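Based on these hints, arrange chain B on the given structure of chain A.
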Amino acid sequence: MDQTIPLSWYLAVSAVLFTLGALGVLIRRNPLIIFMSIELMLNSANLAFVAFARSFGVLTGQIFVFFVMTVSAAEVAVGLALIIIIFRNKHSIDVDLMNSLKG
Amino acid sequence: MNLTIILFIILAAVAVASAVGLLVSRNTVYAALYLVLNFATVAVFYLLLGAPFIALAQVTIYAGAIMVLFLFVIMLLGSEVLPKAKVLPWQRPLAIVLTVILLAEAGLLLFQRLQLTVGLANPDASVNTTAALQDLANTLFNQYLLPFEVTSVLLLVAMVGVIVLTKKEKGEPG
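In order, the protein sequence lines correspond to chains A and B. The opening residue of the first sequence carries number 1 in the working numbering; numbering runs sequentially from there. The opening residue of the second sequence carries number 104 in the working numbering; numbering runs sequentially from there.
The following block holds chain B by itself, in its conformation from the complex:
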């Protein structure tokens, strides 16, 4: 057991536990905070995989922007705790059985068929240099320039769409 494996196991346990916490918490605010914890652990995974830019983008975009938007909406709606609705009796067991099957399929594929035993070594110090970031920027702005520009149009459309959707029409009460 070396340090990397111990770190990996702890991170994996925290990630899975926070995902389970998201599923079982009745209060939506707690669920959002569990998800923030999950995003933070995944960001540390990215650091382990030698992708510091993606790790920081994860923290700022997901844990920062997206989850704050979620928290705003949760508090705006005042729907922290939903009243217990009547549930279909077979829904929850069926869902659990189906997801167990899905997980078993994934495990079978990963560990029986693919046998991806290639080891991923710890990143060396070169991933933290400017040259590594320049490589990423070169790929993004040369090879993937068109998708990058299309992304800006997508964000613009989403922004305009949200404004149009939530605008109150003239004479509408409330």
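The following block holds chain A by itself, in its conformation from the complex:
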């Protein structure tokens, strides 16, 4: 009885999560949920990074995950600030209403 899980299983979970994130970006029209779906996609990429790092026995994959987390934190802060400004100007955050670049 072996205690190993194939690398491809982790990558399959990662692929399914990424696909669900992409589906969320396509079908939802609340920008907050679109943002959360983007986070889901980044997270699935992180899972693939760590699985490959474990498979190759190197630490570089984990370092990359660390950087992805930092960048996504910065991205979320800026994105949520933009959503707040749009809400302040239009009193709604439906993505269908954001069709002009002029505030």
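Check each hint, because a few of them may be wrong.
In silico SDA-like links for lysine to any residue, alpha-carbon gap of 25 Å or less [as the list claims (entries may be wrong)]:
hint, chain 1, residue 1, chain 2, residue 2
1, A, K90, B, A261
2, B, K270, A, V71
3, B, K270, B, L179
4, A, K90, B, G181
5, B, K271, B, L180
6, A, K90, B, V123
7, B, K270, A, V95
8, B, K270, B, V171
9, B, K271, A, A48
10, B, K270, A, I86
11, A, K90, B, L180
12, A, K90, B, L174
13, B, K270, A, F87
14, B, K270, A, A48
15, B, K270, A, R88
16, B, K271, A, A12
17, B, K271, A, A81
18, B, K270, A, V25
19, B, K270, A, I84
20, B, K270, B, R129
21, A, K90, B, I266
22, B, K270, A, V16
23, B, K271, A, D94
24, A, K90, B, K271
25, A, K90, B, L150
26, B, K271, B, V260
27, B, K270, A, H91
28, A, K90, B, L258
29, A, K90, B, R129
30, B, K270, B, L258
31, B, K270, A, T70
Source of the hints: derived by calculation from the structure; they are not laboratory data. Since the structure is predicted, the reported quantities are computational estimates derived from the model, not experimental observations.
Structure of chain B alone, referenced to chain A:
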């Protein structure tokens, strides 16, 4: 069926179910909480893969900081439930078809072409020692020192940018 495989299957089911919950929930607060659950299960995956530092960073940064920021904004805007807008009739089926194609491509690549059958054994106790953490720190602060410093500049720029963006201009109402 050994214990590791059972644990993996349960975790994968919870991760996928919480991602689906994120997609279908109408209330944004519920969606955020589903995403927290998803991040927590991915953190357990990291533990299974022998990356305890990344797992804890996942819990503190993602489930802690980022999702609390999301919840703050959701409650600040008071937009928990958006009114039903009129939707393009072909948008949802087309999106589902496209993502099914994407998933089929990924599955084809994974299980037909690459054949990544290498097994990942359970991490032994050595990943929980100080030496493992020292290895990680050595890599981060020697080989990747410059990207690490650039990251600090990135965070500073994001912080200043957010403050400038949300600052009300003088004389502006509201």
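Inset, instruction - Would you mind confirming whether the straight-line C-alpha gap from K271(B) to V260(B) stays at or under 25 Å? - result: holds, 19 Å
Legend entry - Restraint check for K90(A) with L258(B), where alpha carbons must lie at most 25 Å apart: violated, 28 Å
Legend entry - Hinted pair K90(A) and K271(B), Cα distance within 25 Å: holds, 15 Å
Inset, instruction - For the pair we were handed, K270(B) and V25(A), check the Cα-Cα distance against 25 Å. - result: This hinted pair is violated, its Cα atoms lying about 29 Å apart.
Legend entry - Pair hint K271(B) and A48(A), alpha-carbon separation not exceeding 25 Å: Distance of about 42 Å is beyond 25 Å: violated.
Legend entry - Given pair status - V123(B), K90(A), alpha carbons within 25 Å: violated, 30 Å
Legend entry - Restraint check for K90(A) with L150(B), where alpha carbons must lie at most 25 Å apart: Violated, at roughly 44 Å.
Inset, instruction - Given the hint that K90(A) pairs with R129(B), test it: the Cα-Cα distance must not exceed 25 Å. - result: holds, 21 Å
Inset, instruction - Starting from K270(B), check that the Cα of A48(A) is at most 25 Å away, please. - result: violated, 39 Å
Legend entry - Given hint T70(A) paired with K270(B) - CA-CA distance at most 25 Å: Since the Cα atoms of K270(B) and T70(A) sit roughly 24 Å apart, the hinted pair holds (cutoff 25 Å).
Inset, instruction - Starting from K271(B), check that the Cα of A12(A) is at most 25 Å away, please. - result: The given pair, whose Cα atoms are some 46 Å apart, is violated under the 25 Å limit.
Inset, instruction - Could you grab the alpha-carbon distance between K90(A) and G181(B) and see if it respects the 25 Å cut-off? - result: holds, 14 Å
Checked against the numbered hints listed earlier, the structure breaks hints 6, 9, 14, 16, 18, 20, 22, 25, 28; every other hint is satisfied.
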